[in-house]
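Student: Residue numbers (the working numbering), protein chains in the order written: chain S, 225 to 362; chain Y, 225 to 362; chain R, 225 to 362.
Among the hints, a few may not be true.
Remember, identical chains collapse to one label, so a pair may be satisfied in a single copy or spanning two.
[Stated by the list, open to error] Below, a list of computed lysine-lysine pairs in the BS3-like style, where the Cα atoms sit at most 30 Å apart:
1. K333 <-> K352
2. K350 <-> K226
3. K288 <-> K226
4. K237 <-> K226
5. K352 <-> K237
6. K288 <-> K230
7. K350 <-> K230
8. K352 <-> K230
9. K333 <-> K230
10. K333 <-> K226
11. K288 <-> K350
Bear in mind the hints are in silico, worked out from the structure with no lab data behind them.
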Amino acid sequence: MKSFRKEIWIDTKNRVEFINITSSVEDALTESQIEEGLCLVNAMHITASVFINDAESGLHQDFKDWLENNIPHNPDLYRHNRTGETNGDAHIKRQFMGREVVLAVSGGKLDFGPWEQIYYGEFDGKRKKRVLIKIIGD
Amino acid sequence: MKSFRKEIWIDTKNRVEFINITSSVEDALTESQIEEGLCLVNAMHITASVFINDAESGLHQDFKDWLENNIPHNPDLYRHNRTGETNGDAHIKRQFMGREVVLAVSGGKLDFGPWEQIYYGEFDGKRKKRVLIKIIGD
Amino acid sequence: MKSFRKEIWIDTKNRVEFINITSSVEDALTESQIEEGLCLVNAMHITASVFINDAESGLHQDFKDWLENNIPHNPDLYRHNRTGETNGDAHIKRQFMGREVVLAVSGGKLDFGPWEQIYYGEFDGKRKKRVLIKIIGD
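Generate the whole structure from the sequences, applying the supplied hints.
Tutor: As structure tokens, this is what we get:
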């Protein structure tokens, strides 16, 4: 069994931001030389998500709107922010969007459905963040 | 290390529908001849989910009601639908219910807790859809 | 390829409760002697979650408050409870928080980001519950 590990660094510009990391994960898979296996992609931060959805900017705004309407940023709403933080909402938003995705690797490719794209979702950005890729297989 | 890949095709009849795929995943595991490993089951569509929960029709209606009350179908609410789609809600509902499950394989069986059943959750159906099963192990 | 399986038993005292299981998972990894691979940690119950987030009690209360405000316990609200259950809300809360996490194993350690801690989240407790750990790799 082979294994491969790589971190991707992301320079987030906004508090809330979705960044398409599909090609970076594809590059990591090529580098790994793994043909058949599983590929884990996870946010290394607990106010961020990795998720698979559509590469469509209107939908991304719909996600942001839903999250803001249902889990508002307002720092006064969260006990967590009594510790001096302002990101209580970001920890909850990340649970909705998920921490990680696990993808099949088949024939040396990410085994995607027709419209699947991998996103890093940041909910407390404006700084450098990391994504972990771990691939195991043969 | 062995690996096994199989697609399940599902003929969805309704826009929103939950389909128990447990026995199909069990059949795939038998076919794979893998005894110890991990089994990934994911929706290949970005308006659908694979999740594990109870085989109880009242609960399924509770899920549908919660999703509709909190992420309404109304196509006017979503920017995504300006592209001509009507499924903005379905992309968000899928994030709540999740894209995939990863199951342990132990002693040649899916290593389930007492009531775990695997479901395909469709939020934009009335057509043929696919689920991917990938199993790796020995 | 090696594989390792372990169940953790948890004696939940409250209906809703979050329990840090990070050190139990680390102990299982040590016991497994696996250096490179993937580690699945899942709730074996369909009214419970395993998730990764912050070890901060104010945030845990924020999670509980958000879940109770958005998915209230009130047993009258759920069709599932017509079966005699009172835990309809717990099945839905678990979908928000997630069933499982998959972690990279690198150099014999859980490959954590800076603040990641693994939690068992119970939404229908006051009894003994189980978490499954499955690790595969070399």
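Student: Confirm or reject each hint.
Tutor: Hint-by-hint comparison with the structure:
1. K333 <-> K352: For K333 and K352, both the intra-copy (28 Å) and inter-copy (24 Å) Cα distances are at most 30 Å.
2. K350 <-> K226: neither (36 Å within a copy, 41 Å between copies)
3. K288 <-> K226: neither (38 Å within a copy, 41 Å between copies)
4. K237 <-> K226: neither (36 Å within a copy, 42 Å between copies)
5. K352 <-> K237: Intra 9 Å, inter 40 Å, cutoff 30 Å: intra-copy only.
6. K288 <-> K230: within (28 Å within a copy, 34 Å between copies)
7. K350 <-> K230: Answer is within; shortest intra-copy Cα gap is 22 Å, inter-copy 40 Å.
8. K352 <-> K230: The answer is within: 16 Å in one copy meets 30 Å, while 36 Å across copies does not.
9. K333 <-> K230: Both: 17 Å inside a copy, 15 Å across copies.
10. K333 <-> K226: So K333 and K226 pass the 30 Å test inside a copy (15 Å) and across (17 Å) alike.
11. K288 <-> K350: The answer is both: 16 Å in one copy and 28 Å across copies each meet 30 Å.
Going down the numbered hints, you'll see the structure goes against 2, 3, 4, while the others check out.
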